[in-house]
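Colleague: Numbered according to full-length UniProt numbering, the sequence shown spans residues 1 to 560.
There's no promise every hint is true.
Derived CB-CB ranges, DEER-like [said to hold, decoys possible]:
#  : residue 1 : residue 2 : range
1  : T404      : Q541      : 28 to 38 angstroms
2  : Y164      : N267      : 56 to 66 angstroms
3  : L211      : M490      : 35 to 45 angstroms
4  : N267      : G206      : 26 to 36 angstroms
5  : H215      : E290      : 47 to 57 angstroms
6  : S318      : A412      : 38 to 48 angstroms
7  : D292      : V396      : 26 to 36 angstroms
8  : R108      : L134      : 30 to 40 angstroms
9  : A412      : N267      : 38 to 48 angstroms
10 : F335      : Q225      : 37 to 47 angstroms
Listed next, the in silico DSSO-like pairs over lysine-lysine satisfying Cα-Cα at most 30 angstroms (straight line) [claimed, not checked]:
#  : residue 1 : residue 2
11 : K410      : K500
12 : K519      : K500
13 : K277      : K144
None of these hints come from the bench; they were simulated from the model. These numbers come from a predicted model, not from an experiment. C-beta: ideal position from N, C-alpha, C; glycine also.
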Amino acid sequence: MKNVHKRSYQLGLASLFTGIGLSIYDSFIGLYVSSFLVACFCFAILMFILLKYNGDIKNLTISIISLICSMLMMAAALEGLQSEQFLYFFPLLVSVPIIVDLKQTQYRQSFIYISIIIVSFGICILIGRYVTPLQDFTPSQINKLAFINRIIAIFSTIVFAVAYIFFEKRYINELMEQNQRVIDTRTQFLATMGHELRTPLNGIIGTVNLLKHPHTPAQYKEYMQTLKYCSDHMLQQVNNILDFNKIEADKLEIHLAELNLKQLLLNAGTPFTAVFKEKGLELKIEIAPELDELVLADDLRLIQVFNNLLSNALKFTSHGYIKLKAVCISKTEQFMEVGFSVQDTGIGINEVDQVKIFESFWQVYDQNIRQLHGTGLGLNICVRLLKLMDSKLMLVSEKGVGSTFSFNLKLALSTQQKPGEEKSKTNSPLSGIRVLLVEDNQINMMVAQKCLSSFNAGITGVYNGREALDELKKDQAYHIILMDLEMPVMTGYEAIYEVKKLYPEIPVIAFTASLVDQKMLADLIESGFADCLLKPFRPQQLLTGIQKQLLNYPFLTDNL
1 MKNVHKRSYQ LGLASLFTGI GLSIYDSFIG LYVSSFLVAC FCFAILMFIL
51 LKYNGDIKNL TISIISLICS MLMMAAALEG LQSEQFLYFF PLLVSVPIIV
101 DLKQTQYRQS FIYISIIIVS FGICILIGRY VTPLQDFTPS QINKLAFINR
151 IIAIFSTIVF AVAYIFFEKR YINELMEQNQ RVIDTRTQFL ATMGHELRTP
201 LNGIIGTVNL LKHPHTPAQY KEYMQTLKYC SDHMLQQVNN ILDFNKIEAD
251 KLEIHLAELN LKQLLLNAGT PFTAVFKEKG LELKIEIAPE LDELVLADDL
301 RLIQVFNNLL SNALKFTSHG YIKLKAVCIS KTEQFMEVGF SVQDTGIGIN
351 EVDQVKIFES FWQVYDQNIR QLHGTGLGLN ICVRLLKLMD SKLMLVSEKG
401 VGSTFSFNLK LALSTQQKPG EEKSKTNSPL SGIRVLLVED NQINMMVAQK
451 CLSSFNAGIT GVYNGREALD ELKKDQAYHI ILMDLEMPVM TGYEAIYEVK
501 KLYPEIPVIA FTASLVDQKM LADLIESGFA DCLLKPFRPQ QLLTGIQKQL
551 LNYPFLTDNL
């Protein structure tokens, strides 16, 4: 079915060659007027094909069908029904399911084509029955013309019918193959993800059991580092799964925000510092001075790309260094083109494998690094994210020497204040901010409270929507509300309507572990939520989400 759009050309060419043959035959038996009419038809078909090829007409199919129908009605007026030209309506009708992709196109289009053919057929019969033929025939000419028209019409009908069966069979076989590929991919996906999620989970459970026994401060520090590494790794795998699912469904979007490019790059390397040190690797970060600018970009997706590239480099590098580099390629008053690269001194990649590594679930295999695993999603997600940003991930690699992944981005410069003019931030970014936390899970409540307390926010915790409304009735002086969606007594979906009706000035952020796609996010915002934060979360994500809402509602902090 991938070549359906080409079949209109094929129908046009078939009509063209059939017409040429009939024109020659009509001339041979002495029907010069009919021969001229068919020759004009052939010329019109050729013109339509050329116009479509040059892009001057959009729908070649309806043009050809209309032209054939017009020619057959003119033939009926010229020759009557005795030449049996009307038989060509039957192969034309059978050809419709072939030249129209019924699997992808609405039936309205097919109905239009079939209606044109049926109405034209009726008009043709009426003309042939009630209008005197304009051309005189001898009995010999009529017999010869009717015979050849029967043969060609019947043969064309059989050909189109066989072609339709052939294409349907190919389509069914393709569906079966796709279904098998989906099953194989799903099996591979579940097996890979089962391993990748169980590995860090095993590390978390094992470390927690070790913490139950007496240990030295050094061991305690080691255990905590292990817990952090395993939890971060597990969170990254879960995020990869969710993002891959969104990308496959074409529901992932880029959201631009104002950010300092230099600070973003420094933040991208910070989480890896301890792991690099532990592995004995050097993390180099080279940032051109011109990049100390405010730009408009999707910070979360850019960080995700850098995290995947740095994690990938870390996985396949056992000695040497990994370098995150950013250079300014060009700069105008409105835009800046930046070149980013992540270079490592790892195992490198064979030339034959350099295309495959960007595929889903595919990984480099090396006899000496069998212990290294992964989902095979990271680079594929990077490719797709960069495609959404109008960029492309490139690779230069040599086996045994190392690899360099690079991409260029054209970023709009912010019209706001320069980085040096920004107000200095305190060590207590949420000092004086009161947060109402609505969460039914005690562990999630404890984690969020500790996180918010580290930012000096004032927190009041309640366990369902009803308790949140009771608390707001007593005290409305909250700057923001973090609300879970699935809770007993009253869910977040139910509570948001009451909160926005009674306290519309307080922004409410949905705080959920649900899989939130763009449609669900739009529904949440339409119902009254200001934004959505996903669990599990990183402290910086929570802080950024709250600060974003405080900027949108500046009157909430005017009294601070």
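Colleague: Work down the list of hints and note, for each, if the structure agrees.
Modeller: Okay, the hints, checked on the actual structure:
Between T404 and Q541, the C-beta spacing of about 29 angstroms keeps the proposed range 28 to 38 angstroms intact. Checked against the hint of 56 to 66 angstroms, the pair Y164 and N267 passes, with Cβ atoms roughly 59 angstroms apart. With their beta carbons about 37 angstroms apart, L211 and M490 fall inside the hinted range of 35 to 45 angstroms. Checked against the hint of 26 to 36 angstroms, the pair N267 and G206 passes, with Cβ atoms roughly 30 angstroms apart.
The given range of 47 to 57 angstroms is respected by H215 and E290, whose C-beta atoms sit roughly 49 angstroms from each other. At roughly 40 angstroms, the beta carbons of S318 and A412 sit within the given window of 38 to 48 angstroms. Distance hint check: the CB atoms of D292 and V396 are about 27 angstroms apart, consistent with the given range 26 to 36 angstroms. Our hint of 30 to 40 angstroms for R108 and L134 holds, since their Cβ atoms are close to 37 angstroms apart.
Distance hint for A412 and N267: a CB-CB separation of about 20 angstroms, inconsistent with the stated range 38 to 48 angstroms. Taken as a hint, the range 37 to 47 angstroms holds for the pair F335 and Q225, whose Cβ atoms sit roughly 42 angstroms apart. Taking the CA atoms of K410 and K500, the gap is near 40 angstroms; set against the 30 angstroms cutoff, the hint is violated. Our distance criterion of 30 angstroms between C-alpha atoms is met by K519 and K500, whose separation comes to about 21 angstroms.
As the CA atoms of K277 and K144 are separated by approximately 93 angstroms, the hinted pair breaks the 30 angstroms bound.
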